[in-house]
Amino acid sequence: MSQVAEPNQQRASEDAAGAGGGSGLRLRALTKEFATFTAVRSLDLEVPSGSFFALLGPSGCGKTTTLRMIAGLESPTSGTIELAGRDITHAKPYQRPVNTVFQSYALFPHLDIAENVAFGLRRRRQKDVDEQVRQMLDLVELSSQSRKKPAQLSGGQQQRVALARALINKPEVLLLDEPLGALDLKLRRAMQIELKRIQTEVGLTFIHVTHDQEEAMTMADTVAVMNGGVIEQMGAPAELYENPRSTFVANFLGQSNLIAGSVVSRSADITTVDMHGIAVSVPANRTHTDSDRGWVGIRPEKVLIGEVGEQLDAPGNTIPGGVVSDVSFVGVSTAYLVRMPWGQELQVFSQNTGRVRIFAVGDAVELSWRPEYAFLLDHAQDASAGAAL
Amino acid sequence: MTRKRGKTGYLLVIPGALYLLAFFALPFYSLIATSLYDPSGSDFRGYEMTYAFGNFVDAITDYWQPLLRSLAYGGVATVLCLVLGYVLAYAIAFKAGRWKILMLVLVIAPFFTSFLVRTLSWKLLLADDGFIVNTLQFLQILGDDGRLLATPVAVIAGLTYNFLPFMVLPLFASLDRVDYRLIEASGDLYANPITTFFKVTWPLSLPGVVSGTLLTFIPAVGDYINAELLGNTNTRMIGNVIQSLFTDANDYPAAAALSVILMTMILALVLVYVRRAGTEELL
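From first to last, the protein sequence lines are chains V and E.
Following the working numbering, the numbering of the first sequence begins with 1 at its first residue and continues without gaps.
Following the working numbering, the numbering of the second sequence begins with 390 at its first residue and continues without gaps.
Keep in mind the hints are simulated off the structure, nothing from the lab.
Check each hint, because a few of them may be wrong.
Unchecked claim - Simulated pairs of lysine-lysine, DSSO-like, Cα-Cα distance not exceeding 30 angstroms:
#1 E:K512 to V:K92
#2 V:K196 to V:K148
#3 V:K186 to V:K127
#4 V:K148 to V:K127
#5 E:K588 to V:K148
#6 E:K484 to V:K92
#7 V:K149 to V:K127
#8 V:K127 to E:K489
#9 V:K149 to E:K588
#10 V:K186 to V:K148
#11 E:K489 to E:K396
#12 V:K149 to V:K196
#13 E:K484 to E:K396
#14 V:K92 to E:K396
Claimed, not checked - To give a feel for the contact side, a few chain E residues facing chain V, derived at Cβ under 10 angstroms:
#15 D565
#16 E573
#17 A574
#18 Y579
#19 N581
#20 T585
#21 K588
#22 L593
#23 E617
#24 L618
#25 N621
#26 N623
The model shown is predicted, which means the values in this text are computed figures rather than measured ones.
Glycine included, every Cβ here is placed at the ideal spot set by N, Cα and C.
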């Protein structure tokens, strides 16, 4: 699925450049209230033109409602939506330069693949529809299927038809509502790479809604983590992962060890925290609480595990007194649960480089991590927020 | 996977097959045979099989007017049912929300009363001093001596009323199955609501349209109760003619020939219609 005729690529990206031009999408204080609950709460968001933006969150967090408001399928209770400098808050769906790839694909069962893809162009009475459809089907590699009906195609093929049908209109913004949700894992991974490639080629703004954190991180330039109708944190995937600002983000994006501690001192660069009698330090720019108590956070793969007294390559925070309570051998790594003296079990992922010892249940160990990997979160937040989702 | 096909399947077919043989195949054979009997025979003297194909020519020459009238009344009633029924079915499928079941029950409710009684009550509704005629006269839509009863309007109105549920139910079944997300997708792809209706909703409801129109048109063309109770001698439909030939005139060969002609005509029309609608898989 990676070979695409050269002229198509060029043409598509030139057209996209012509269509873009505006200053992207801007949501201001966007709110949607349903009879019994508030789905989206005063959302402010700016998506620059040409970016691949992911809205990530558990089901019911308001991400799909946000998407539907941008598409015009839902009208906001208050707030505004601006696209390329134009207020489209109350524009009808068919008046917006926005197209959606629906979760269910929503392909028209009575039309063949070519007519499905041509649908948007025909509604706008464009010329050389057939030629454009041919090129678009080439791009998604479905030229040979153009006369088939949607029901005759596999899930992955239907997904690509849905994408082609939206993409061919060269919208200012392409909305993707969990478009890979119905595919099996292997096809999902392939389509993620494929989608990213197409987005880079055509240069359109993609807004991708998903609850799959791995999908969001692999594909998007910018990820906004949504929870309870608000955006918890927004940024580049690596930034979100390495420096989460809330327990929800820390748990929902990957896994985190969150250990209760009280702040001993704060300096310009470093916050020192007393963690069950052990002093650990956290960089000031990774300290996200003003209170005296907090959660010290550390990702399991950042934690080193060693024998008692062993000199680990992680000067700074060493936590003695651990006992291995569970070992699972994953292949590329070994996942440990280590029970600490204060009773909490911490997760540790150890790369199987071949040079490290693999511990057994019951072994006494010491844990250690570099201070620059730790983060400090507000103690008022629920340490398990986002973990089970 | 090969499954042995036992005799059970054939055994299960037997009761239905016997029933159809006794009450459909044999009477049908008898009808066709009767249509070819010597027309000069009678109940008393008996009939002779003379392969009198002239019966058909005579039937058409004598009764082409009620034949055409039946097709016309049935056609107009079907179109009216389609228009009224589509709007109703659309509303029930997409707009009724939690009232959906109640509205469907209301559509079916008339079946709890006899067809005859319902048609008789239309006679009262359309009566010369009834409120409908009075209102129309007051509004100057009908002249002072204008009437509804015993007019083609009354017959067609009766047919439309009586067969409307047969149109609404298949239309509802089709429309209810239309995925609302397709309608949203159409709007997302620059189709305004009117275009969406003609490009998405209507084509997806075609199976319902075809079965609804067939279920309405076929019985409406052959109906005689409405013309009998609501019409006059100038609104006689082919059903009335066949009935009086069988029961009053005892002219069995002519009545049978007319029945066969009606059946053939409807069959031919339906075949052409289904072909054109592109829904052969329904047959």
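Note to self: Flag every earlier hint the structure violates by its number, smallest first.
What the structure shows: 1, 3, 8, 11, 13, 14, 15, 23, 24, 25, 26
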